[in-house]
Amino acid sequence: MATPRPIVLRVNRDTQEVCVDPATPLLYVLRNDLACNGPKYGCGLGQCGACTVLIDGLAARSCIVPASAAVGRAVTTLEGLGTRAAPDPVQQAFIEEQAAQCGYCLNGMIMSAKALLAANPDPSETEIREALRFNLCRCGTHVEILRAVQRAAVLQREAHAHAEIEAIR
Amino acid sequence: MNARMNASAGEPMDVAAPTGMLHGHAVRPAAGMGRLTGFDADAARRCAGVVDVVVRGNFLAVVAAMPEQAHAGAVALQARWETPRDTLTTPPQMRAVTSHGNATQVLAQGAGRVDATYRWPLASPRADACGSAIADWQHGALHVWLACTQPAALRLELAALLDIAAESILILCDPDPPARHDAFCARQAAADAALMAHAIGRPVRTTFRAAELGNDGPKLRFDVSATLAPASAYTIAATATPGAGTPFALTQTGRAAPYAEASGVDPGLVPPYAVEHLDVSAAQPLGVPPDIAARGQVFAHESHLDGLAAQAGIDPVALRLQWLDDRTGSGLITRVAEQSGWQGPLKGHNDATAGVRRGRGFAYASVIDMEDGRPARTWSAWVADVEVDSRTGDIHVTRVTVGHEREDIASRAKAPTTTLPDDIATATRQLTTGGQRYDDWGDGAPAETSPALAADGAGHDLAPQTRVDIVGTLAGGAAATLPAAAAVANAIHDATGVRLLEPPFSAGQIRQALEHKPSAANKSPRKRAWLLATLAPLTALAGLCATVLPWRAPIAPVAPPGPGLYSAATIERGRLVAAAGDCAVCHTAPGGTRNAGGLALETPFGTVYTTNITPDAETGIGNWSYAAFERAMREGIHRDGRRLYPAFPYTAFAKVSDADMQALYAYLMAADPVVSRPPETQLAFPFNARPLLAGWNMLFHRNEQYVPDTSRSAQWNRGAYLADGLGHCSACHSPRNALGGERGGKAYLTGGEAEGWEAPALTALSKAPVPWTEDDLFQYLRTGFAARHGAAAGPMAPVVESLRELPEGDVRAIAHYVASLNPASPTQAGTQQAAAAQVAAVEARSAAAALRLSGTTDRLYQNACAVCHQGNAGVPQFGEKPSLALNTNLHSARPDNVIQVVLHGASAPPHAGIGYMPGFADSLDDAQVSALVHYLRERFAPDQPRWDGVEDTVARLRKSSH
Chain A
0 MATPRPIVLR VNRDTQEVCV DPATPLLYVL RNDLACNGPK YGCGLGQCGA CTVLIDGLAA
60 RSCIVPASAA VGRAVTTLEG LGTRAAPDPV QQAFIEEQAA QCGYCLNGMI MSAKALLAAN
120 PDPSETEIRE ALRFNLCRCG THVEILRAVQ RAAVLQREAH AHAEIEAIR
Chain Z
0 MNARMNASAG EPMDVAAPTG MLHGHAVRPA AGMGRLTGFD ADAARRCAGV VDVVVRGNFL
60 AVVAAMPEQA HAGAVALQAR WETPRDTLTT PPQMRAVTSH GNATQVLAQG AGRVDATYRW
120 PLASPRADAC GSAIADWQHG ALHVWLACTQ PAALRLELAA LLDIAAESIL ILCDPDPPAR
180 HDAFCARQAA ADAALMAHAI GRPVRTTFRA AELGNDGPKL RFDVSATLAP ASAYTIAATA
240 TPGAGTPFAL TQTGRAAPYA EASGVDPGLV PPYAVEHLDV SAAQPLGVPP DIAARGQVFA
300 HESHLDGLAA QAGIDPVALR LQWLDDRTGS GLITRVAEQS GWQGPLKGHN DATAGVRRGR
360 GFAYASVIDM EDGRPARTWS AWVADVEVDS RTGDIHVTRV TVGHEREDIA SRAKAPTTTL
420 PDDIATATRQ LTTGGQRYDD WGDGAPAETS PALAADGAGH DLAPQTRVDI VGTLAGGAAA
480 TLPAAAAVAN AIHDATGVRL LEPPFSAGQI RQALEHKPSA ANKSPRKRAW LLATLAPLTA
540 LAGLCATVLP WRAPIAPVAP PGPGLYSAAT IERGRLVAAA GDCAVCHTAP GGTRNAGGLA
600 LETPFGTVYT TNITPDAETG IGNWSYAAFE RAMREGIHRD GRRLYPAFPY TAFAKVSDAD
660 MQALYAYLMA ADPVVSRPPE TQLAFPFNAR PLLAGWNMLF HRNEQYVPDT SRSAQWNRGA
720 YLADGLGHCS ACHSPRNALG GERGGKAYLT GGEAEGWEAP ALTALSKAPV PWTEDDLFQY
780 LRTGFAARHG AAAGPMAPVV ESLRELPEGD VRAIAHYVAS LNPASPTQAG TQQAAAAQVA
840 AVEARSAAAA LRLSGTTDRL YQNACAVCHQ GNAGVPQFGE KPSLALNTNL HSARPDNVIQ
900 VVLHGASAPP HAGIGYMPGF ADSLDDAQVS ALVHYLRERF APDQPRWDGV EDTVARLRKS
960 SH
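Protein chains in written order, with numbering that gives the first Met the number 0: chain A, 0 to 168; chain Z, 0 to 961.
A few of these clues could be false.
[Stated by the list, open to error] Some but not every residue of chain Z turned toward chain A, in silico, with C-beta under 8 Å: (1) 863; (2) 865; (3) 867; (4) 877; (5) 911; (6) 915.
[What the hints assert, rightly or not] Not everything, but these chain Z residues come out facing chain A in the computed CB check (under 7 Å): (7) 870; (8) 872; (9) 873.
Hints in this document: simulated from the structure, not taken from any laboratory. Think of the CB as a built atom: it goes at the ideal place given N, C-alpha and C, for glycine as much as any other residue.
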């Protein structure tokens with residue numbers, strides 16, 4: 000282990016300095032140092048997806064990405080999507096579809112859906128299945144999750160359209 | 000002996016080893032021999048994967064799909080043995096080989112009679128030595144694959160074992176034996192595998208471990224008596240420990256060793272001297288292959304003659320000449336003695352006060368060499384010079400002079416041309432076929448020197464102009480080294496008065512003997528950790544250093560240059576030179592201060608610790624003058640005169656220009672001094688004998704700066720300068736010979752090793768499924784990732800990281816140069832389409848293979864690997880998704896890199912954007928990793944054969960820290 004040194008991270012639009020061994024997994028820094036508890040510790044090997052965050056808008060399994068890799072990049076966690084009062088369209092869709100049982104995988108499902116919709120705003124059901132293949136859920140809300148992502152696509156498109164109309168005004 | 004071909008049939012060895020072979024495990028009692036009284040075959044057959052139980056007389060073995068399964072089956076057998084007591088106590092029956100005069104009577108009256116017992120171990124004393132072989136019995140023909148150099152005797156043994164004609168046996172010798180290989184064990188394995196393959200009709204691989212030989216390995220014993228007066232008389236009686244030499248399988252199946260009765264095949268037991276009264280006898284049956292026995296016999300004869308000469312106060316060379324009535328032999332001895340400047344023994348032992356005692360020894364051999372199928376007489380003579388440090392017992396063989404001749408010149412002359420391309424690569428390869436590994440022992444002879452020596456067939460001092468690494472080669476090379484052991488033992492005796500009666504010779508024995516002299520002098524020495532075979536090749540190398548490169552003087556320490564001495568521009572240039580040379584990659588310990596040293600480099604010769612190259616005067620290079628620095632960089636000599644191990648690639652750095660060298664010095668001296676004392680490098684004998692490196696340098700190092708090739712472009716020359724000089728690409732990417740010298744010529748950049756990783760071939764021999772283009776190489780070197788090939792991991796990752804400092808033009812020049820090494824690689828933009836088509840084809844092939852795979856390992860892949868490696872699934876992800884179908888490592892002949900990365904991950908990519916891979920060492924067990932590796936090969940390189948030895952490699956690499 001190398002000695003801890005200060006590194007600067009940009010998490011959910013805030014710039015934060017933490018003093019850690021640069022090889023520390025980003026997940027540990029987010030949860031332990033920055034109190035972002037949306038990402039969950041699951042397998043620790045990048046296999047289950049519960050720890051997913053976005054780095055520069057791309058899904059990243061934060062349990063295997065060292066903190067040093069996030070330096071100079073924008074990190075977004077579940078906390079950075081929306082608030083209780085104004086949830087992100089993807090969060091809103093998951094609430095509306097009641098797509099959770101135990102909820103442990105849900106951070107990964109939502110963050111992965113977010114990454115998916117950024118690249119493909121109107122995915123088919125097959126594309127959603129293929130995209131979320133590597134996010135493991137063991138208690139059984141797969142169907143609800145699929146529906147939630149489909150609804151999220153609709154909500155997100157509506158939100159974008161709304162934002163464009165606002166902009167024109 | 001040309002090891003790439005089948006000795007008798009002359010067929011090339013490109014016959015691929017069979018795929019889908021089974022693994023056999025022979026079951027034996029502790030000492031190898033015993034009567035089989037019972038076993039539970041059904042219990043073994045019930046074990047998973049067990050295919051069959053083979054029983055032939057007292058031979059018992061289990062054949063299974065996997066080695067572990069065979070082992071489990073062997074345990075389940077619960078074999079019971081009865082060890083016959085009588086074989087252990089009955090004295091061997093002696094057979095007279097030849098006799099004339101009345102030696103017994105003359106010896107009884109002999110005044111200056113000398114008696115001694117010499118021993119010759121047949122197997123490596125290393126506990127972990129082993130040998131493997133594959134056998135396949137199909138359509139009445141036996142094919143055997145193993146690492147060996149002298150298959151003639153083995154063929155006879157296998158023919159006797161299976162009761163088949165020797166002509167129906169094809170032995171395919173792998174000239175590149177694996178580490179820990181032991182020739183004796185390999186012969187045992189070959190016999191075991193042959194018996195099993197013959198019994199079940201399917202290819203079987205098996206391994207024999209030296210540990211199975213018990214505490215005391217098989218040995219030949221020679222009791223020798225001789226006298227000069229009143230008449231010359233000489234008796235020698237050869238016996239062997241039970242089971243020596245003959246494969247156990249032969250004895251266990253009740254068959255006799257084939258050469259036991261054959262007369263005239265004891266090539267060395269009868270001394271080549273005209274003695275008036277002679278008695279030669281051997282145990283009946285001796286059962287040791289004559290080619291192996293010859294080494295021990297020559298050792299016994301030549302040690303004894305030396306003892307006789309010393310006793311009588313006669314020059315040992317004169318004694319041989321007096322006893323020899325063979326003109327060729329006398330001529331050879333005379334020439335070798337002349338060239339060595341022989342003036343009799345140095346009698347170093349007379350000066351009891353000297354710390355370092357010098358000695359000279361002579362030995363001669365003339366035997367009938369059977370190896371090429373037709374007998375040919377060979378003559379060899381050696382003069383060895385040694386220095387023995389009487390305080391430490393360290394033996395330095397400082398020089399050897401060797402001569403070798405062989406009759407039947409016709410066969411020798413045509414050997415290189417009929418079957419081998421006359422090129423350096425092959426010659427280099429051949430140089431390593433005898434005493435190929437530093438840890439080899441057995442029939443492997445120190446062949447490093449022999450081809451060069453045999454080249455002109457005459458007595459030949461190893462003059463500096465002899466480039467051993469490029470001189471061609473020939474049949475009968477192994478015989479040239481027959482006198483090696485005796486010559487060295489005789490020289491040690493001359494230096495110390497201690498007669499060593501059994502190899503290997505060690506510093507401990509000498510020290511002990513000198514302390515207790517003379518009482519201990521005649522005791523048989525104990526087995527020690529290092530081997531004669533180790534010594535012998537070095538022997539020859541060391542010969543060069545005494546005559547050419549004497550000890551190097553220290554260069555006086557100087558005050559560190561002042562801070563303002565070098566301009567900022569020079570220091571900046573030096574920074575780039577250091578980056579191109581990857582200095583910090585090796586000279587920085589994990590987590591340690593830059594360039595403060597302490598990284599442990601695992602080499603086949605032991606662990607080398609890198610040194611502190613910050614300008615600290617005490618612990619670094621602060622008091623090194625530029626002259627000292629340049630000498631270290633170009634010649635591998637420490638400021639204090641010590642020789643540096645070639646783990647430091649001064650062989651490459653010698654090519655660096657003066658301007659770059661000065662800039663590098665300026666940069667290193669301008670850095671902050673760091674007090675850091677890394678661990679001392681302590682290699683085992685003989686590699687701790689740094690003066691021997693002088694010989695190494697003579698063979699493998701040319702201190703020449705890079706000379707541009709005017710027929711090439713400036714960019715090409717820049718690339719070649721960076722790649723061959725500072726970049727030292729070949730330090731990892733070229734194969735090395737047994738002594739750690741890089742192989743040049745056609746072997747250049749054809750793939751090597753680094754820290755437990757395979758450094759793949761950079762030439763046309765690359766296994767990449769889509770050939771590397773200049774652009775691919777540039778992308779890879781600049782970013783650490785090439786989409787059509789994969790990511791830089793392992794020791795290559797820090798290299799790419801270091802290259803990031805270099806200007807783009809330099810990296811492109813390296814790519815341009817490396818691309819030029821592979822004429823098949825498409826370098827034109829027009830061929831990009833062809834490459835894209837190849838990529839599509841490779842991916843499609845892998846996708847088709849994937850459809851055939853399912854089950855547990857498929858699920859393992861889906862869970863552990865697919866998320867990051869399956870480009871067409873999952874969400875857009877941070878980091879690359881390297882295609883496994885295009886990955887060079889999965890197409891390699893060796894699974895090492897795949898296993899490394901599965902176990903240890905890629906946690907320090909040269910660039911964060913590539914992404915990170917976790918290691919699975921803690922979550923997958925060996926069986927799972929092995930299964931996964933086989934799965935990956937099958938899915939992503941379906942055109943390549945299944946890897947062998949994956950399980951062993953997994954177990955080995957799991958222990959490594961990379």
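Hint by hint, which ones does the structure fall short of? Failing hint: just 7.
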